[in-house]
Amino acid sequence: MDNHLAISKSKDKLFRIIALSLTVFALLILLVLLADIFWRGFGRLNWGFFKNLPSRHPENAGILTAIAGMLSLLFFTIIIALPIGILAGVYLQEYRSKSHFAKIVEINIANLAGVPSVIYGILGLQLFVRMAKMGNSLLAGAFTLALLIMPIIIVSTREALKAVPKTLREGSYGMGATKWQTTSRVVIPSALGGILTGIILSISRAIGETAPLLVIGALVYVPFIPEGPNDQFTTLPIQVFNWVSRPQAGFIVNAAAGIIILLLITFLLNGIAIYIRNKWYKKMKY
Amino acid sequence: MYKLETRNANLFYGEKQALKDISIGIEPNTVTAFIGPSGCGKSTFLRCFNRMNDLIDNTTIKGTYLLDDEDIYAMEEVYDLRKKVGMVFQKPNPFPKTIFENVIYGLRINGIKDKNILSERAELSLRNAALWDEVKDDLNKSALSLSGGQQQRLCIARTLAVEPTVVLMDEPASALDPISTAKIEDLIYELKSKFTIVIVTHNMQQAARVSDKTAFFYLGELIEYDDTKKIFTNPEKERTQNYVTGRFG
Amino acid sequence: MVNRRLKEKMIEGVMMLCSFVTILTTISIIIILAVDTFKFFGEVSIIDFFTDTQWTPLFSEKHFGILPLLMGTLLTTTIAVLFAVPVGLIIAVYLNEYASPRFTAIVKPILEILAAIPTVVYGFFALQFVTPLLQSFIPGLRGFNALSPGLVMGVMIIPYITSLSEDALRAVPKSLREASYGMGATKLQTAFRVMIPAASSGILVSIILAVSRALGETMIVAIAAGQEPNLTFNPMESVETITTYIVQVSMGDVPQDSLEYRTIFAAGMTLFVFTFILNNISFWLRKKYQNQYE
Numbered sequence: 001m002d003n004h005l006a007i008s009k010s011k012d013k014l015f016r017i018i019a020l021s022l023t024v025f026a027l028l029i030l031l032v033l034l035a036d037i038f039w040r041g042f043g044r045l046n047w048g049f050f051k052n053l054p055s056r057h058p059e060n061a062g063i064l065t066a067i068a069g070m071l072s073l074l075f076f077t078i079i080i081a082l083p084i085g086i087l088a089g090v091y092l093q094e095y096r097s098k099s100h101f102a103k104i105v106e107i108n109i110a111n112l113a114g115v116p117s118v119i120y121g122i123l124g125l126q127l128f129v130r131m132a133k134m135g136n137s138l139l140a141g142a143f144t145l146a147l148l149i150m151p152i153i154i155v156s157t158r159e160a161l162k163a164v165p166k167t168l169r170e171g172s173y174g175m176g177a178t179k180w181q182t183t184s185r186v187v188i189p190s191a192l193g194g195i196l197t198g199i200i201l202s203i204s205r206a207i208g209e210t211a212p213l214l215v216i217g218a219l220v221y222v223p224f225i226p227e228g229p230n231d232q233f234t235t236l237p238i239q240v241f242n243w244v245s246r247p248q249a250g251f252i253v254n255a256a257a258g259i260i261i262l263l264l265i266t267f268l269l270n271g272i273a274i275y276i277r278n279k280w281y282k283k284m285k286y
Numbered sequence: 001m002y003k004l005e006t007r008n009a010n011l012f013y014g015e016k017q018a019l020k021d022i023s024i025g026i027e028p029n030t031v032t033a034f035i036g037p038s039g040c041g042k043s044t045f046l047r048c049f050n051r052m053n054d055l056i057d058n059t060t061i062k063g064t065y066l067l068d069d070e071d072i073y074a075m076e077e078v079y080d081l082r083k084k085v086g087m088v089f090q091k092p093n094p095f096p097k098t099i100f101e102n103v104i105y106g107l108r109i110n111g112i113k114d115k116n117i118l119s120e121r122a123e124l125s126l127r128n129a130a131l132w133d134e135v136k137d138d139l140n141k142s143a144l145s146l147s148g149g150q151q152q153r154l155c156i157a158r159t160l161a162v163e164p165t166v167v168l169m170d171e172p173a174s175a176l177d178p179i180s181t182a183k184i185e186d187l188i189y190e191l192k193s194k195f196t197i198v199i200v201t202h203n204m205q206q207a208a209r210v211s212d213k214t215a216f217f218y219l220g221e222l223i224e225y226d227d228t229k230k231i232f233t234n235p236e237k238e239r240t241q242n243y244v245t246g247r248f249g
Numbered sequence: 001m002v003n004r005r006l007k008e009k010m011i012e013g014v015m016m017l018c019s020f021v022t023i024l025t026t027i028s029i030i031i032i033l034a035v036d037t038f039k040f041f042g043e044v045s046i047i048d049f050f051t052d053t054q055w056t057p058l059f060s061e062k063h064f065g066i067l068p069l070l071m072g073t074l075l076t077t078t079i080a081v082l083f084a085v086p087v088g089l090i091i092a093v094y095l096n097e098y099a100s101p102r103f104t105a106i107v108k109p110i111l112e113i114l115a116a117i118p119t120v121v122y123g124f125f126a127l128q129f130v131t132p133l134l135q136s137f138i139p140g141l142r143g144f145n146a147l148s149p150g151l152v153m154g155v156m157i158i159p160y161i162t163s164l165s166e167d168a169l170r171a172v173p174k175s176l177r178e179a180s181y182g183m184g185a186t187k188l189q190t191a192f193r194v195m196i197p198a199a200s201s202g203i204l205v206s207i208i209l210a211v212s213r214a215l216g217e218t219m220i221v222a223i224a225a226g227q228e229p230n231l232t233f234n235p236m237e238s239v240e241t242i243t244t245y246i247v248q249v250s251m252g253d254v255p256q257d258s259l260e261y262r263t264i265f266a267a268g269m270t271l272f273v274f275t276f277i278l279n280n281i282s283f284w285l286r287k288k289y290q291n292q293y294e
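Chains as they are written, first to last, in our numbering: chain X, 1 to 286; chain G, 1 to 249; chain D, 1 to 294.
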C-alpha cells in the first residue's frame, strides 16, 4: 500500500514538472516567434519602407500600397458590415430573443464561424466578382470580408445588449417610451462599450485575413494606390505572402519587417478592445 | 369619481393565479399604501395600473381596470397611459446619462425640443422632487455619480416631469438608507396635493406614516381596504390584525 | 401617433432584413458550391474523383482524383492535432488543477495571443524558422514538407484546446473533485480519473473545433507545405492541401466556366462538407453538455 502511494505521489510530481514545462514551452514558442521576426525585420524599418511602392528590388520595395489598400478595404468593409451587423444583433436580442427565428440564426452563426475563410473567398468570387460584376475590386473584397466578420459583430452586439440591466428598460417603458425609443435611447447607448469591443475585434480579424482576398483576386503586385471602390488592391498580409514566396534573402527581410507592422497593428487593436471591454464592464456592474 | 378603480381584477401567470377578484377604488389626491407579506401580489397589482405586466410573457389579465373611468386595457396606445400613470421602481434606475437628460427623458420621447421648455420643466420637476438644491450647480454631471437616495429622487423627478396624474411607487425606499428614506417619505407627503399616489411597501411603519388609506393583500386577495388609521389600530378582519401586529409576515 | 407607429414598424422591418443576411450567406455558400460542383461532376465521374490517385487538372494529361489534396489536408491536420491535443490538454489540466489562480490569470491571456496572430506570420515562421531548424536534425526533410506547417498549425490551435478544455474542467462541480481528494487521490489521479471524464464532452468539443480550424487553414500550408499535390503519408515530403490548391488556381490564369475552374468548387465543396459536419457535431455536443451540470 505504501509503495503504491509513493509511486502515485512521484507520478504526480513528475506530471507537475512536465505540465509546467509544456506551458513554459508554449509561451517560449510565442517568444521565439516574436523574437525571430523582430531580429530579422527590425533593421529594415525605415521611412523608405513605409513610403515606397513595391518593386522588383527588395531594397527599394515598400508597403505604401499595401497599407493604403488595407485601410481602404477596412473602410468599405466597416461601412457595410457595421450597420447590418449591429441592427441584426439588436433585432435578435431586443425584439425576438425567444423566437424560433433567433434560434435558427444562432445555429447558423455558429456554423458560419466554423466555415474556412477560403470558402468565403469562393463565395465572394462567384457572387461579388462575377455575378455582381464588381470585378476584383475593393468593393468585392469589402463585401466578402463583411460577410466574414458579420457573425462576430452580431454575437458581440447581442452579448453587450444582454448585459444591460432590465431595470433600465423598465424605467424607460414606465415613462411611456416605445420599444424603439427605449432601444435606441437607453439600451444601445448603455451597451456601446461592448459593441465597440466587438467592432474592434472584428477589425483585427479582417486585417489578418489573406486567403479569401487572394481567391477574389486581390493582386499580389500592386504598384499603385487604389483611388476608388472599383480599383484593384493589395493588403499588408498579401504583400507579406508575396515576399515570403520569393527566394531572394532581401525579400525575406522585407517580409519580416512587414510582419512587425502587421503584428503591431493587431496587438494594438486587441489591446484597445480589451481595455474598452474592461472599462465598460465595470460600468455595467454598478 | 375614483381616480383609479378595478372591478373583479384577476391575473394569471400561465396556470398560476396571482390576483383573485380584486375590486378597489382609489380617490384622487390621496396616498394609498398596498401592504402584505412577500408574494401576496401587491406589486403585481400595482403594475396593472400602468400595464407593465404587458411586458411579461404568458400573462392573462381579466377584469376591469379604470383610470378616470376609462378602461385602460382598451386604450389604443399604452404609451399614453404610461404618461398619465408614472412609476418609481424599487432599485433606483437612472439612465447612464446626465442628470438633465434623465429628467427630461420623458419630454424628449414626446418630441419636445424647445430648450426653454425643457429647462423649465427640469427645474420644476427637480424642485418637486426636493433635489433641485443639491444638483442645481451641475446638471451635466452623470446621474450615476449621485448617491442612492439622490438617484431615487432623480427617478421621481423624471417621472414627475411628464406631468402624470398618478404616481405608482414600488417599494421606493427599500434600497435606501434611513435618512434618504425619511426624505422620500416627506416628499410623498408633499406630492399628494398634486398627484394621486399608490405605494407598495413591506414596511408597515412607513405605510402608517405616509398613507391616507391602506389596502392589505394576502395570497392574491384584497383582504381589507380602509383608512390607514383604522387598519393599524382597529381592523375589521382578523388576518389584517395578525399582519399589522406582526404575528406573521 | 399613427405616424410614429408606422415609423417603428418600418425600422423593425429593416432590422429583420438585416438579421436575414447571415442566413442568406449560408444559403449562398451552399448553392454556389453545389451548382458548380454539380457541373463538375457532369464531366468527371464521382468514382474517379474519389479514387484516382492523381490530381493534375492543369496539366495536359488530366487527372481529377481528390485523394492527394485530401491527403495533404489530413496529413497536416493530423500532425497539428497530434501535437496540440496532448499539449493543450496537459496545459489545461495544469492551469485548472495545479497552478495558482494568479498564474492562470496571466498565462491564459498570453496563450490566447497565439490565436490572434495572423496566419501569414505563422507561415513565415514555419518556412523560415521551423523548417531549417528541423532540417538540422532530421535528414531528408524537404524545404517544403508537411511536418513543419503541421507543427506550427498545432501551436496556433493550442489556445482552442486549452481555453475550452479549461472552461469545461472548471464547470465540473467542486463536489466531484473533493470526493476524489477525500479518498486520498493525488491531483494527477483526480485530474485523469475524475475531472477529464466528467468534462469529456466539453473537451471533445474543443478538439473538434480545433480540428475544424486546422482543416480550413490556408496560409500556413500555402507558404510552407508546398504547391504540388502529392499522395503520401510521409510528413517529410511536400504536399498540397485543398485550401492551398483553391488559392493557387484562383491566383492563376484559368478561364472561368472551364472544367479547370470548376475544380475549385469541387475541392471547396469537399472541404466544406467536412467542416460543416464537424461544426454541427460540436454545436450539438455543446448544447447537450451545457445542460449536463444543471
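Because the hints were derived from the structure by calculation, they are not lab data.
Any given hint could be a false lead.
[Said to hold, decoys possible] Per label pair, the in silico range of CB-to-CB distance:
id : chain 1 : residue 1 : chain 2 : residue 2 : range
1  : D       : Gly182    : X       : Leu14     : 56 to 62 Å
2  : X       : Ile272    : D       : Leu17     : 30 to 36 Å
3  : X       : Lys103    : G       : Tyr73     : 45 to 51 Å
4  : G       : Asp69     : X       : Lys103    : 43 to 49 Å
5  : G       : Phe248    : X       : Lys103    : 17 to 23 Å
6  : D       : Glu112    : G       : Leu144    : 29 to 35 Å
7  : G       : Leu219    : D       : Leu176    : 21 to 27 Å
8  : G       : Leu219    : X       : Lys103    : 33 to 39 Å
9  : D       : Phe50     : G       : Gly14     : 53 to 59 Å
All C-beta atoms, glycine included, are put in the ideal place defined by N, C-alpha and C.
Comparing the hints with the structure gives:
1. Taken as a hint, the range 56 to 62 Å is violated for the pair Gly182 (chain D) and Leu14 (chain X), whose Cβ atoms sit roughly 24 Å apart.
2. As the Cβ distance of Ile272 (chain X) to Leu17 (chain D) is approximately 31 Å, the hint placing it in 30 to 36 Å holds.
3. In this structure the supplied range 45 to 51 Å is violated for Lys103 (chain X) paired with Tyr73 (chain G), their Cβ-Cβ distance being about 32 Å.
4. Separated by about 45 Å at the C-beta atoms, Asp69 (chain G) and Lys103 (chain X) satisfy the suggested range of 43 to 49 Å.
5. Take Phe248 (chain G) and Lys103 (chain X): their Cβ atoms lie about 45 Å apart, and the range 17 to 23 Å is violated.
6. Checked against the given bound of 29 to 35 Å, the beta carbons of Glu112 (chain D) and Leu144 (chain G), roughly 32 Å apart, stay inside it.
7. Look at Leu219 (chain G) against Leu176 (chain D): about 41 Å separates their beta carbons, and that is not inside 21 to 27 Å.
8. Taking the beta carbon of each, Leu219 (chain G) and Lys103 (chain X) are about 37 Å apart, inside 33 to 39 Å as hinted.
9. In this structure the hint that Phe50 (chain D) and Gly14 (chain G) lie 53 to 59 Å apart at CB holds, the actual value being about 55 Å.
Of the hints listed earlier, those the structure fails to meet are numbers 1, 3, 5, 7, in rising order.
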